[in-house]
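Which chain is which? The protein sequence lines are V and X, in order.
The first sequence begins at 6 in this note's numbering and counts up by one.
The second sequence begins at 6 in this note's numbering and counts up by one.
These aren't lab readings, by the way, just hints derived from the structure by calculation.
Just so you know, these numbers come straight off a predicted model, no measurement behind them.
Hints should not be assumed to be uniformly reliable.
[What the hints assert, rightly or not] Label-pair ranges, simulated between beta-carbon atoms: (1) 12(X) x 237(V): 34 to 40 Å; (2) 24(V) x 183(X): 33 to 39 Å; (3) 146(X) x 292(V): 39 to 45 Å; (4) 85(V) x 215(X): 45 to 51 Å; (5) 146(X) x 268(V): 52 to 58 Å.
[Unchecked claim] The calculated EDC-like cross-link candidates involving lysine to aspartate or glutamate, where the alpha carbons are at most 20 Å apart (straight line), are: (6) 193(X) x 260(V); (7) 193(X) x 298(V); (8) 56(X) x 245(X); (9) 27(X) x 120(X); (10) 193(V) x 211(V); (11) 27(X) x 300(V); (12) 193(X) x 267(V); (13) 56(X) x 260(X); (14) 193(V) x 267(X); (15) 27(X) x 233(X); (16) 193(V) x 292(X); (17) 193(V) x 226(V); (18) 193(V) x 260(X).
For each residue, glycine too, the CB sits at the ideal point set by N, CA and C.
Number of protein chains: 2
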Amino acid sequence: MHFLLRRDLEAVRRSGMRIYSKDGDFELRDVNVAASPVNIGRVDWVICALKATALEDAEALVRPCLGPGTRIVALMNGLGIEQAFAEWFGGQRVFGGMAFVCINRGEPGVIRHLDYGRVSIGHYEDDPAETERLRELLASGGIEVLVAPNLQFARWEKLCWNVPFNGLSVAAGGVGTRSILGDEALSKVGRQAIREVCAVGNADLESHGSGARLDGEKMVDSMFAQTEAMGDYRTSMVIDYVCGRPLEVEAILGEPSRRAADLGVAAPTIDALYALVRAADRRRRGEMAVLTEGDLGTA
Amino acid sequence: MHFLLRRDLEAVRRSGMRIYSKDGDFELRDVNVAASPVNIGRVDWVICALKATALEDAEALVRPCLGPGTRIVALMNGLGIEQAFAEWFGGQRVFGGMAFVCINRGEPGVIRHLDYGRVSIGHYEDDPAETERLRELLASGGIEVLVAPNLQFARWEKLCWNVPFNGLSVAAGGVGTRSILGDEALSKVGRQAIREVCAVGNADLESHGSGARLDGEKMVDSMFAQTEAMGDYRTSMVIDYVCGRPLEVEAILGEPSRRAADLGVAAPTIDALYALVRAADRRRRGEMAVLTEGDLGTA
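Bound conformation, chain V alone:
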């Protein structure tokens, strides 16, 4: 097994990886690390766990590892991810994975696993034999795997958490999940966002000829119950926000908002979360001016 690393490269090379997990801490020593995919070469499986904001880098990072039979798992957030891989490398070898896991990176070489750990998978062309191949691989590593009715279903299901909780954690100014659950007005918006994700997702599934359907009210109950059990979880998007890094705004919010418009489904809550998180990202890039007290005297 090889790890292509950037920030954590030197730390892992020096002293391996430490995983602090609610299921028990452990260390990986003598990890094969590489700074370039060229130093890895051809492999059987590529698991691509880039941020969606780095999707455009994925082609160049993955290609040196590909042989004729290499398969690729996009273990990433958002919509539109597998399409990109399929265009670059052909859809028959592309899989999507949605990790339902509470995990934060700590100092270099350290991973904190707070809760959950299920991975929901699908094959880009929904080939059952191929899906089973990936299921076996992950299950043999002790990972809880869920095979989704189809990949698109799994993507929308994951968005039922990511849209409300990533979205609100940043739009509400940089807060943890407990601040959302403890605020009735924010929770109401979160519930409405989940209903809209299900409505858009169902229209999308129908337009692709899939009979799979998301049940809005069941998803509301399930997402809120799961989040309640997380404590004051910090979403990946709020961590990026607080640290001043690019936000996965297009993959998690922009694509669903555009898909809704294309399908003619009203999604005002998704639209609002998209616009406001996008504004946060534009402020970070200096593309949107934040007013200060100094601006007001001469207004």
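Dock chain X against chain V, hints included.
Showing chain X alone in chain V's frame:
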């Protein structure tokens, strides 16, 4: 004419008021100022221009100025304002006024008038003779007055601007109107907010037996065209936000959101703006914790 002042009291007593206006600058010297309504006593008209966040102070501030024939104009933002005055003092003497004006306070004693200046008025019990009395009074002072079909109509009409532009200016992180108009995603949310205000307003008017109706698409066009002409206007709510003052969140966003729920009208955009601006106000009061980089290491 008497002015009940707080922050500006000493400056105005000392050197009057200076108004920098796009229609021409002028000064008011020897202004009758008072720190307490007791020092003003009974008057014919009270114009109450408090922030909606100070509505609970209005009864004690207005009562010392009331004689049997005193009339009261609530020149304030939001919904539910006149109801409070009517409960305290009786509805027959209560009027509402909506100022469509771009105005900012500068240093004490200074007012900056940037654009517009129309005041839309209505009587709490929709008495035409009473409304005409207020219209004449304001018109005699050179003010452009618009008599609304009824007071509730005028309130919702004003909210067609306040909900999107006050709401977005704060929810987007403290920005001027040009940042909203220049961002297609934020503009889309603003347009949808106006449609929702009209839908809730129309249901409210209908429930009160009024035949007046707001045209959503016309209001969208009109509000955006007027705002386009304002330059990079700073809404009153964004100024309060930047200066760390209480936000008029309940009067401008909370009441419309609750009214929508009571009337069974979907208003997801208003709900979202309410929740997110309320979150900003809760952060200011220290009731909602904002995450910092220091929080993330131990997450």
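Hints, one by one, checked against the model:
Between residue 12(X) and residue 237(V), the C-beta spacing of about 39 Å keeps the proposed range 34 to 40 Å intact. Range check, residue 24(V) to residue 183(X): about 48 Å between beta-carbon atoms, so the 33 to 39 Å window is missed. Our hint of 39 to 45 Å for residue 146(X) and residue 292(V) holds, since their Cβ atoms are close to 44 Å apart. Evaluation of the 45 to 51 Å hint for residue 85(V) and residue 215(X) yields a pass: the beta carbon distance comes to about 47 Å.
Separated by about 54 Å at the C-beta atoms, residue 146(X) and residue 268(V) satisfy the suggested range of 52 to 58 Å. Our distance criterion of 20 Å between C-alpha atoms is met by residue 193(X) and residue 260(V), whose separation comes to about 15 Å. At roughly 28 Å between alpha-carbon atoms, residue 193(X) and residue 298(V) are farther apart than 20 Å, so this suggested pair is violated. Between residue 56(X) and residue 245(X), the direct Cα distance comes to roughly 10 Å. Compliance with the 20 Å bound is thereby established for this hinted pair.
As the CA atoms of residue 27(X) and residue 120(X) are separated by approximately 7 Å, the hinted pair is consistent with the 20 Å bound. Simply put, residue 193(V) and residue 211(V) have alpha-carbon atoms about 27 Å apart, too far for the 20 Å limit, and the pair is violated. A threshold of 20 Å between alpha carbons decides the hint, and for residue 27(X) with residue 300(V) the separation of about 19 Å falls inside it, so the pair holds. Our distance criterion of 20 Å between C-alpha atoms is met by residue 193(X) and residue 267(V), whose separation comes to about 15 Å.
Note on residue 56(X) and residue 260(X): the hinted pairing holds, with a Cα-Cα distance of about 15 Å set against a maximum of 20 Å. The suggested pairing of residue 193(V) with residue 267(X) holds, with an alpha-carbon distance near 15 Å, which does not exceed 20 Å. About 17 Å separates the Cα atoms of residue 27(X) and residue 233(X), which keeps this hinted pair within 20 Å; it holds. Distance hint between residue 193(V) and residue 292(X) is fulfilled; the C-alpha atoms sit about 18 Å from each other, no more than 20 Å.
Note on residue 193(V) and residue 226(V): the hinted pairing holds, with a Cα-Cα distance of about 12 Å set against a maximum of 20 Å. Simply put, residue 193(V) and residue 260(X) have alpha-carbon atoms about 15 Å apart, close enough for the 20 Å limit, and the pair holds.
Hints 2, 7, 10, counting from the list given before, are not met by this structure.
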